[in-house]
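**Q** Chains as they are written, first to last, in this note's numbering: chain A, 325 to 676; chain B, 325 to 676; chain C, 325 to 676; chain D, 325 to 676.
Think of the hints as simulated: they come from the structure by calculation, not from any bench. Treat the hints with care, as some may be off.
For each label pair, taking beta carbons as the anchor points, the in silico distance ranges come out as [what the hints assert, rightly or not]:
| no. | chain 1 | residue 1 | chain 2 | residue 2 | range |
| --- | --- | --- | --- | --- | --- |
| 1 | C | L532 | B | A553 | 49 to 55 Å |
| 2 | D | A421 | C | R659 | 50 to 56 Å |
| 3 | A | D549 | D | D462 | 50 to 56 Å |
| 4 | A | D549 | D | E594 | 19 to 25 Å |
| 5 | D | D462 | B | G593 | 40 to 46 Å |
| 6 | A | R343 | B | G545 | 50 to 56 Å |
| 7 | C | Q345 | B | S529 | 57 to 63 Å |
| 8 | C | I674 | B | G593 | 55 to 61 Å |
| 9 | B | D652 | D | K399 | 46 to 52 Å |
| 10 | C | M325 | D | R525 | 55 to 61 Å |
| 11 | B | L403 | D | S595 | 46 to 52 Å |
| 12 | C | I674 | A | A421 | 34 to 40 Å |
We put the CB at the ideal spot given by N, CA and C, even for glycine.
There are 4 protein chains.
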Amino acid sequence: MRGFGMIAVDQVGWLEHARPQCGPLDAIVRPTMVAPCTSDVRVSHGWAGQRSDIVLGHEAVGVVDEVGALVTAFKPGDLVAVPCVTPDWLSPGVQHARRVSHDRGEQASYKFASAKDGVMAEYFHVNHADANLAPIPDGVAPEAALMAVDMMPTALRGAEVAEVGFGETVVVIGIGPVGLLAIAGAVLRGAGQVIAVGTRRASQSVALQYGASEVVSYRDGRLSDLILARTGGAGADKAIVAGGDAATLADAVRLVRPGGIVSNINFFGESEVLQLPVVDWGLGMADIDIRGSFCPGGGEMVASMLQLIVHGRIDPTRIITHRLHGWDALPEAFRLMDQKPDDLIKPVVILD
Amino acid sequence: MRGFGMIAVDQVGWLEHARPQCGPLDAIVRPTMVAPCTSDVRVSHGWAGQRSDIVLGHEAVGVVDEVGALVTAFKPGDLVAVPCVTPDWLSPGVQHARRVSHDRGEQASYKFASAKDGVMAEYFHVNHADANLAPIPDGVAPEAALMAVDMMPTALRGAEVAEVGFGETVVVIGIGPVGLLAIAGAVLRGAGQVIAVGTRRASQSVALQYGASEVVSYRDGRLSDLILARTGGAGADKAIVAGGDAATLADAVRLVRPGGIVSNINFFGESEVLQLPVVDWGLGMADIDIRGSFCPGGGEMVASMLQLIVHGRIDPTRIITHRLHGWDALPEAFRLMDQKPDDLIKPVVILD
Amino acid sequence: MRGFGMIAVDQVGWLEHARPQCGPLDAIVRPTMVAPCTSDVRVSHGWAGQRSDIVLGHEAVGVVDEVGALVTAFKPGDLVAVPCVTPDWLSPGVQHARRVSHDRGEQASYKFASAKDGVMAEYFHVNHADANLAPIPDGVAPEAALMAVDMMPTALRGAEVAEVGFGETVVVIGIGPVGLLAIAGAVLRGAGQVIAVGTRRASQSVALQYGASEVVSYRDGRLSDLILARTGGAGADKAIVAGGDAATLADAVRLVRPGGIVSNINFFGESEVLQLPVVDWGLGMADIDIRGSFCPGGGEMVASMLQLIVHGRIDPTRIITHRLHGWDALPEAFRLMDQKPDDLIKPVVILD
Amino acid sequence: MRGFGMIAVDQVGWLEHARPQCGPLDAIVRPTMVAPCTSDVRVSHGWAGQRSDIVLGHEAVGVVDEVGALVTAFKPGDLVAVPCVTPDWLSPGVQHARRVSHDRGEQASYKFASAKDGVMAEYFHVNHADANLAPIPDGVAPEAALMAVDMMPTALRGAEVAEVGFGETVVVIGIGPVGLLAIAGAVLRGAGQVIAVGTRRASQSVALQYGASEVVSYRDGRLSDLILARTGGAGADKAIVAGGDAATLADAVRLVRPGGIVSNINFFGESEVLQLPVVDWGLGMADIDIRGSFCPGGGEMVASMLQLIVHGRIDPTRIITHRLHGWDALPEAFRLMDQKPDDLIKPVVILD
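Given these sequences and hints, build the entire structure.
**A** Here it is, written out as C-alpha cells:
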C-alpha cells in the first residue's frame, strides 16, 4: 500500500509498505481525512533523531476497516477519530495519572511515525482499539473531529496544566494552530485577560476570534516588557508556551508573576539549549513552575473534545485555512506545513 | 441613619440605627446600588435562627465614605464592590484554603446581617477594608459589579468545587439567579453538555443564553430518569445544586454516575432533613462526593470576577430583570424577592 | 474444583465449580493464602443483594497457573498479589481518574464474588492479567502482601481522599482491620493528632501502635462531644469512616470543623438510611465534603503498597490476629470474620 | 540595642540599632533561641544582592515583649515561635494560594534581614502579629520549635510540592539541614524508596534515621546513573533539590522518569546559570515539572509543624549538632554555618 513518509532526514516522499497486520486487540483504519502537523515536519528534519522509511502523520479520522478478534466496541465501517497518542492500556504507565502518555517509556504512548508507521497511508494500525478509538457523534463534521485528535487536546492540556483560574491573566506564546486553540482553551478554563503573542496576520485574526484580549508581537519590543505594560506592572498569572525557540521558555519565566505557571506544549529540538533565568525564577524560590506536558491519549479524551464541539463550546475548524483533496495532495499539504506561507495556519487533506 | 431590615422573624421594615463606627482597619461605605438576595428573605423568615433589629442585605456597590487610620489602598470617594463575605484576614481560618469563609467559626467570614448590620442602610461597615474591597475597573457597569459580590462567586464556586472538566456533562438544579450563573460557570470551566433543571419561563430563556444545552423541568418526570434519558443512560458527571428542597440533594446523588461530584451551593433551612439515598450513593463506595460550599470572600475574589466581566467572558446582568430606583423602593424589591413573581429573576435597587 | 462460597443469602459452604477458563488476556491463579473480609460476610448476608452459588473471597496471593496467549509480563509459577479490584483496562471508565474502580458501571471493576467467582477456590480467574497482577518483591512476606490487595489500599485511599495535610487532626471511626490501617494511612499522609474511635480491646492496642494519639469509645459519651473535648473545642480537620452504622456518617459530619472532609470507606447496607444533619452540615454551606470511595485497583496500585512494605513504612501484618492452615480451615476463618470474637481483627488462611 | 548582622557584603559583625517600633498590628519579640541559616550566610556573601547595615537572622523563638493596640491573640510574656516568612495578611497576594509568600511582590512576605532587620538582635519586630506568631504548645522543646519556623516548613513544602504519593521513589539531593528534613517530609507523605544524595558523614547517618533507604554520593558516579541503577532502570518518581549548584537542577531532571516532578527548595545565587537539559526534559513533552517553592509563612503553618512534633511524627532536633550559649556565641555560630566543618549540620544559639 502507498504511504507518505520520511525516506530519510530532510527527505519525504511516497513509500510502498505492506498493509499493517491487525492483532487481536487492534484495528486497521482507512483514513478519510488527515492533517500534517508541525511535529511531522520537525521529525522529518531530524528533531527527534534519525528515522527513515517510516510513514508520517498522526492526525486522522477514518473508517474502521478491520478489527481484531477481541475488539468489541468497534466494527468495520465505523467512522472514528483516532487520538494521536494511543496508549497501551495494559501497560503499567497508564495506571499513573501523570504517565498515561508514557506507557512503557518517555512518550511511548505516541506510536504513529515513531514506533510504527503513521496515518498518512491507505491503511494504518491502531493498538488497543476499544480504548483508543472514538466514534464521531452525529453533527460533528469530519474536519472538526480531525482537530480533536491532536490540536485540541494538546492545546487544552496546556490550559489545564497551567491551572488557569477564573479571571486570571494568561499569555499564550505562539499562535500557530496549537497556540490558537490554547487561547480558546484558556478562555474555556475561565481566564480573564488573554494576551496572545505572535506576528502572523492570519493567526492574529483567529486569536481574537478565540477570545484573545489582544495580540502582541515580538517585533513590538521585549516580551516581558510588553506584558508588564499590559498588566499594570504585575505580570501574567500563567503562560502557555505553544511556539518559539530556545529563548521562549526563558521569556515565559520572565513574564509570569510569583506563583505563576509556565505550561509548555511546544516541541523543542534535540539541539536546543534551554536556559532558566535564575533571577527571574526568583533564585528558585518564586513558586513559579515550569511544566512541560504531552498530548493526552485515548478514546475518552477524544470523546471529551468531541463533546465540546457537539455543544458548541469551541469551533476548532477556525484554524483550518487550507483544504486539499485527494491522496496526491498530501505532499503539497506537507510542503505547506513545512514552509508556512503567510496565509497558512492548518491544512487538511480530504482523502475520501 | 435609616436602614431596611428584620424587625423580628417574618417581619421586615425600616430601622433607625446609628451610623457604624470606623475602626482603624475598616471602611464605611455609602451604597449606591444594592440587591436583595434569596438568603436575605430566608433569614428574614428565620431559616438561620432568631434575629431581630438587624439591617439586612449583603450585596452592594458603593462609594467609600470613611477609612480607618491603617487603611492604605482605599480612600473616601473610591467606587468599590464589596464582597458579601468579608473575612477577618488576621484570623487563623483564612490561612487554611478550605476555611477562608469560616474565619473564626462556621460561616463567620460572612458578617453582614449576621454579626452586624447589613448593607441596606445609608452607610455600612466593612472590616479589613484593604483586603475586602475591590475597585470597580473602568468600563464595568455598577449593576454588573453588583453581581460580582455574591451571585457570581457563589455560582462559579459551585462549578469550581464540582471540578468540571473539559467536555463533561453537568446538571444544574435550580435556575434562580445563582443557578443561572452556575450554568455560565460550568461552561466557563469547560463543560460539554449542560442540562438545567427548572420551571420558570423567564429563567429558562436565560439558561439557554448562558449556554445550557437544554432545560428540563421536574414536571416532566422523575429527575434522575430525565437525566439518564438525555445522557444515553450514563448519568451526569457532575451536579450543581443551586435550589430546591430537602429532596433535591438526594435527586442529585441519583443522577450522577460513579465518580461524580454533587456540588451544593443551596442554602438549606435549619428544619430540613436531608437524606442520602444509600443505594444510589453506591453503599458509600461509588466515589461520589457530596460537597457543600460557601461563597468565597475577599477583594481579590471580587477582582477576579470583575476581570471576567471586563474581558467579556460573562455578562452577569442577564439575570437582572427588575431595576428599582431610590431608597423607598427597597421594601418593594425585598417583597419581590420574597414572592418571586413569574417574571422575576433578580431585582436591583439603584440608590444614587 | 472446590470453592468456598455463598450457596444462598445467609448460607455459606463448599461449592464444586469448573476450573475457570483462561482467555487470551487473563491468568488463572492458584491461591496460596487468602483472607476473608468483612464485606464477604456482609455480601453473604445479602447486603449487596441476592446472590447464590458463587465462590466468595477477593483477597489472595498465589501462584500463576496459566496465562492467556497475549499475556507478556507474567508466566506460570510467578508469585503474585492480586488486587481485589481488577479493572478492565480497555474500558472507558479507567480513562477517568475518578472512575477507575467503576470500569463499565458502578463498582464494576470489582469482579470477584460479584460478576464471577471469587478467590476462595483451588483456582481463580484474573482478567487483564498484565495490568492486574503484581509480583511480590523479595523480602515481602506472603501475609504482608496479602494485606496489600484490599486492606491497605482501601484504608490508605481513605486517608488520601480525606486530603490529610501536615499536622492535621484526623478522627478514624471504626478500628476493624481497615480502620486500623487508615490510622497508619493518616500518619503516612502527615497527620498530627489522630483520634481512633472504637471499643474492642485487641484493636485499641494496634491503633496505638499504628500511631493513634489516643482511642476513644462510643461508650464514653456522644462522639462529637468527645472529639470537641480533645481538640480544644475546634473539632477535627478530617474524619475517616471505616466502620459503624447508619448513624456514623452523621456523627462524622458533626465532629469535623468547617472546611472538613468526611471520607467514607465503610460499606453500608442496602437497607440503611443515611441522614445528613443539616445544621451540622452548615445548612449546606460549611465547605464540608462527604466523600465515599472504593478500593482502587490494578497491579500498579498493589505495587505501590508493596513498596511501602519493602521500605518499612508500614507493617500491615499487625492486624493479623489469626493464622489458620489448610483448605479445611476456610469455613472456620469465615465464621470467625462473621462472629468477630473479642480477640479477632483479621484472620488469614495459609493454603499452601 | 545590639544586633548581629551584615555590615557589607562579605562582612558580618555587631551592629547597634534602635529597638524597633511596634505598630498597632505588630509585636516586638525578645529572642531566646536563634539559629543561623545557610541563606543568612549566602545573603551575607551577596547572593541576593547588595545589602548593608542590616541585622541578619530569620529563625527564632522568643518571648513577646510588646504588642500593638490591635493585637488580641498574644500578650507580653507569651512564648512564641516566629515563622521566617511573615506575610502581610492584608495584602492582595495572600488571597492567592500560590502567592502567600509573595504578598506584595516576589518573596516579599519574607521580611527579616531583607525589608527590615532580622531576628539576631535583642529585640525584633513581627508584622501582623495575630496572624504571624504561633504559641509553643506544652511539651515542645524550644529547640524543636525553633526548627519549625524555617527548616521544617521549607523541607516539608518540598515534599508537598513534589506531590509525593504512596510508595513512590523520591530522591532528595542535598543533605544539609533542609535536605535531611525533606527526607523526613517525603516519608511523612508516604514515599516508599527514598534515596538521599550527599557526602558528609554526619548527615548521612541522620538521613538514614529520617528514613532514607540509602545514601549515595556524587563521588560514586554520575547521579542519574546511580539512581537508574537503584530503581531498576526506571528513574525516580520525584526529586527534591535541597542543595547543590547550578548543575544540580539538570541532574534532577535527568533522574526522574516521565511524569516526574522536580521540586526545588534550594536557594540559587544570582550569578548562577541554570540549564534545562532538553533531551532529558523530553523535548518539553515528558510531563516533567520543574517547580521552585519558597517557605510558606504564617502562624498556622508553624502551628501545623508544631502539631507534628507534639504527636511524635517527626523529631526535627536530630539535625542540631551544635548548641552554643549566649549572645557572644552568635558570631561563632555564624562562622560555623559559613565554614561548615565536617561534624556540623545545624547550630543553634541559646540566648536565654
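**Q** Work down the list of hints and note, for each, if the structure agrees.
**A** Taking the hints in turn, this is what the structure says about them:
no. : hint                           : verdict
1   : C:L532 with B:A553: 49 to 55 Å : 53 Å, holds
2   : D:A421 with C:R659: 50 to 56 Å : 52 Å, holds
3   : A:D549 with D:D462: 50 to 56 Å : 55 Å, holds
4   : A:D549 with D:E594: 19 to 25 Å : 21 Å, holds
5   : D:D462 with B:G593: 40 to 46 Å : 43 Å, holds
6   : A:R343 with B:G545: 50 to 56 Å : 51 Å, holds
7   : C:Q345 with B:S529: 57 to 63 Å : 58 Å, holds
8   : C:I674 with B:G593: 55 to 61 Å : 57 Å, holds
9   : B:D652 with D:K399: 46 to 52 Å : 50 Å, holds
10  : C:M325 with D:R525: 55 to 61 Å : 59 Å, holds
11  : B:L403 with D:S595: 46 to 52 Å : 47 Å, holds
12  : C:I674 with A:A421: 34 to 40 Å : 36 Å, holds
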